[in-house]
Amino acid sequence: ETGVTQTPRHLVMGMTNKKSLKCEQHLGHNAMYWYKQSAKKPLELMFVYNFKEQTENNSVPSRFSPECPNSSHLFLHLHTLQPEDSALYLCASSLGSGLYNEQFFGPGTRLTVL
Amino acid sequence: QKEVEQDPGPLSVPEGAIVSLNCTYSNSAFQYFMWYRQYSRKGPELLMYTYSSGNKEDGRFTAQVDKSSKYISLFIRDSQPSDSATYLCAMKYNEKLTFGTGTRLTIIP
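Line by line, the protein sequences are chains A and B. Per the numbering used here, the very first residue in the first sequence carries number 25; after that it's consecutive. Per the numbering used here, the very first residue in the second sequence carries number 8; after that it's consecutive.
Isolated chain B (complex conformation) (with noise of 0.2 angstroms):
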């Protein structure tokens, strides 16, 4: 079993949809939970964090983790053609960062 399990899409919604994406983990020492985005031909670069169960919100963004069923969500409302990117979910203990496949998500204008 993959410690980071992410369902690698593609995902095509139209503008202005909710958007959700989400990872399951197996490794309950994961403390540190977060989201990176990635746009063609370019790296990775973070989006959002956080370390603990809950919701935590930046404008369209809201990364949400339960820790108790292992498994985080990032939801884009009001999703633009600019949100068009692969969207890799990535999860800590200690130093070690282990990331999921990424899901590629694809904005209809």
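Here chain A stands alone, though its shape is the one from the complex (with noise of 0.2 angstroms):
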């Protein structure tokens, strides 16, 4: 596997169930982020992890749970989520968080609430 790499790439849930998503990068990274992307919208960052800590959550629903075990390793865990929740939720990892560090992004996984 090269880059970042998101599972599951389709997920559909009810509002009562709990699932986590998964991001892995293999570029040796140290930042990694969670961001959510709505039709019509910017691409909304919602957490922010550096050498596994986290340095920013951008006032995101306590039912949105990050968990950064490592640098390589991000999951995003959700329970009891609404309808609007529903949208692509992208993975991204840099070398650092600087000005000029690139964010390398994964494909996302496609989440749909019902």
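What the hints contain is simulated information worked out from the structure, not anything from laboratory work. Careful, some of the hints might be misleading.
[As the list claims (entries may be wrong)] Which residues of chain A face chain B? A few of them, derived with a C-beta cut under 8 angstroms, are:
1) 67
2) 111
3) 114
4) 123
5) 129
6) 132
[Stated by the list, open to error] Taking lysine-lysine and the DSS-like style, the derived pairs with C-alpha atoms no more than 30 angstroms apart in a straight line are:
7) 42/A / 49/B
8) 65/A / 103/B
9) 49/B / 60/A
10) 63/B / 46/A
11) 64/A / 9/B
12) 60/A / 103/B
13) 64/A / 74/B
14) 42/A / 77/B
15) 60/A / 74/B
16) 42/A / 9/B
17) 49/B / 64/A
18) 49/B / 76/A
19) 42/A / 63/B
20) 46/A / 74/B
21) 49/B / 65/A
22) 77/B / 64/A
23) 65/A / 74/B
24) 64/A / 103/B
25) 46/A / 49/B
26) 43/A / 49/B
27) 43/A / 103/B
28) 77/B / 60/A
[Claimed, not checked] Listed next, the stretches of chain B that the computed footprint assigns to chain A, with coverage defined by at least 3 CB atoms under 8 angstroms from CB atoms of chain A:
29) 63-71
30) 99-107
Just so you know, even glycine gets a beta-carbon here, dropped at the ideal spot from N, CA and C.
Got two chains here, separate frames each, mind docking them using the hints?
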């Protein structure tokens, strides 16, 4: 595997379910990110991790719970979601989080909440 | 007012045409300007970046930044069907990266 991988690619869940999204980066990066992409809206940054430590939580509801066990893996745990949470969830990584660090994105998980 | 404004399109042009994609922004603190390309069912990939006013060329692509007008553009020459994608402008100051909504572009053979 190369780059940034995400599983599953598609997920349908009910509002009472609990599920997790997984992201893995094979680039030796130290920063990882979760974004939400909805139709006709800009990418919304959700969480940032640097060297496994959460450095940003962009006022995300508690029904989204991130976990970063090491610099290569990032999870997003989901519970009691709402239909408006349906979106493409993108993971990204970068060498660092500074101005000139390019973010590399995974293909995303298409989430549908029924 | 949104920090970054981008016309979502969709935009359809015939093959071989010159394409112009644009974004405006309101925050003069932005220092670093990027264009990402996102194919269907894929994540965004960095296409071009620049951090100064003026033009930067890479093959058929030219990125233009006008800091005085707070306006950035991406030009695609000799457009190809393989250029069909969503193009997102993005801007950064310090560690904060802000995206436009993306413009969906279709090149018609």
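Right, here's what the structure says about each hint:
Hint on residue 67/A holds. Least Cβ distance to chain B is approximately 4 angstroms, under the 8 angstroms limit. Taking 8 angstroms as the C-beta contact cut-off toward chain B, the hint placing residue 111/A at the interface is violated, the least distance being around 14 angstroms. Here the hint on residue 114/A is kept, as its CB sits about 5 angstroms from the closest CB of chain B, short of 8 angstroms. Using the Cβ-Cβ criterion of 8 angstroms, the hint placing residue 123/A at the interface with chain B is satisfied: the shortest such distance is roughly 6 angstroms.
Restraint check, residue 129/A versus chain B: the minimum CB separation of about 3 angstroms is within 8 angstroms; hint holds. At a threshold of 8 angstroms, the smallest CB-CB gap from residue 132/A to chain B is about 6 angstroms, leaving the interface hint in force. With a CA separation close to 25 angstroms, the supplied pair residue 42/A and residue 49/B stays within the 30 angstroms bound. Between the alpha carbons of residue 65/A and residue 103/B the distance comes to roughly 17 angstroms, so the proposed pair stays at or under 30 angstroms and holds.
Taken as a hint, the residue 49/B and residue 60/A pair is honoured in the structure, with Cα atoms around 14 angstroms apart against an allowance of 30 angstroms. For the suggested pair residue 63/B and residue 46/A, the alpha carbons sit about 37 angstroms apart, so the restraint of at most 30 angstroms is broken. About 13 angstroms separates the Cα atoms of residue 64/A and residue 9/B, which keeps this hinted pair within 30 angstroms; it holds. With a CA separation close to 16 angstroms, the supplied pair residue 60/A and residue 103/B stays within the 30 angstroms bound.
Restraint check: the Cα-Cα separation between residue 64/A and residue 74/B comes to about 25 angstroms, which is no more than 30 angstroms; the hinted pair holds. For the given pair, residue 42/A sits about 44 angstroms from residue 77/B by alpha-carbon distance, which is inconsistent with the 30 angstroms threshold. With a C-alpha separation of about 28 angstroms, the suggested pairing of residue 60/A with residue 74/B holds against the 30 angstroms cut-off. Of the supplied pair hints, the one linking residue 42/A and residue 9/B is violated, its CA atoms being roughly 34 angstroms apart against a limit of 30 angstroms.
For the hint pairing residue 49/B with residue 64/A, the CA-to-CA distance comes to about 17 angstroms; that is within 30 angstroms, so the pair holds. For a cut-off of 30 angstroms, the pair hint linking residue 49/B to residue 76/A stands: about 25 angstroms separates their Cα positions. Between the alpha carbons of residue 42/A and residue 63/B the distance comes to roughly 47 angstroms, so the proposed pair goes past 30 angstroms and is violated. For the proposed pair residue 46/A and residue 74/B, the alpha carbon gap of about 39 angstroms is over 30 angstroms, so the pair is violated.
Restraint check for residue 49/B and residue 65/A: the C-alpha separation of about 17 angstroms stays at or below 30 angstroms, so the hint holds. Of the supplied pair hints, the one linking residue 77/B and residue 64/A holds, its CA atoms being roughly 22 angstroms apart against a limit of 30 angstroms. Pair hint residue 65/A plus residue 74/B holds up; C-alpha atoms about 24 angstroms apart against a cutoff of 30 angstroms. The hinted pair formed by residue 64/A and residue 103/B meets the criterion: a straight-line CA distance of about 21 angstroms does not exceed 30 angstroms.
A C-alpha spacing of about 16 angstroms is found between residue 46/A and residue 49/B, which places the hinted pair at or below 30 angstroms, so the restraint holds. A C-alpha spacing of about 22 angstroms is found between residue 43/A and residue 49/B, which places the hinted pair at or below 30 angstroms, so the restraint holds. At roughly 29 angstroms between alpha-carbon atoms, residue 43/A and residue 103/B fall within 30 angstroms of each other, so this suggested pair holds. Restraint check: the Cα-Cα separation between residue 77/B and residue 60/A comes to about 26 angstroms, which is no more than 30 angstroms; the hinted pair holds.
Only when three residues or more bring their CB closer than 8 angstroms to a CB of chain A does the claim for the segment 63-71 of chain B stand; here the count is 0, and the claim is violated. With 8 residues having a beta carbon nearer than 8 angstroms to a beta carbon of chain A, the segment 99-107 of chain B meets the requirement of three or more and the stated coverage holds.
Against the hints set out earlier in the document, violations occur for numbers 2, 10, 14, 16, 19, 20, 29.
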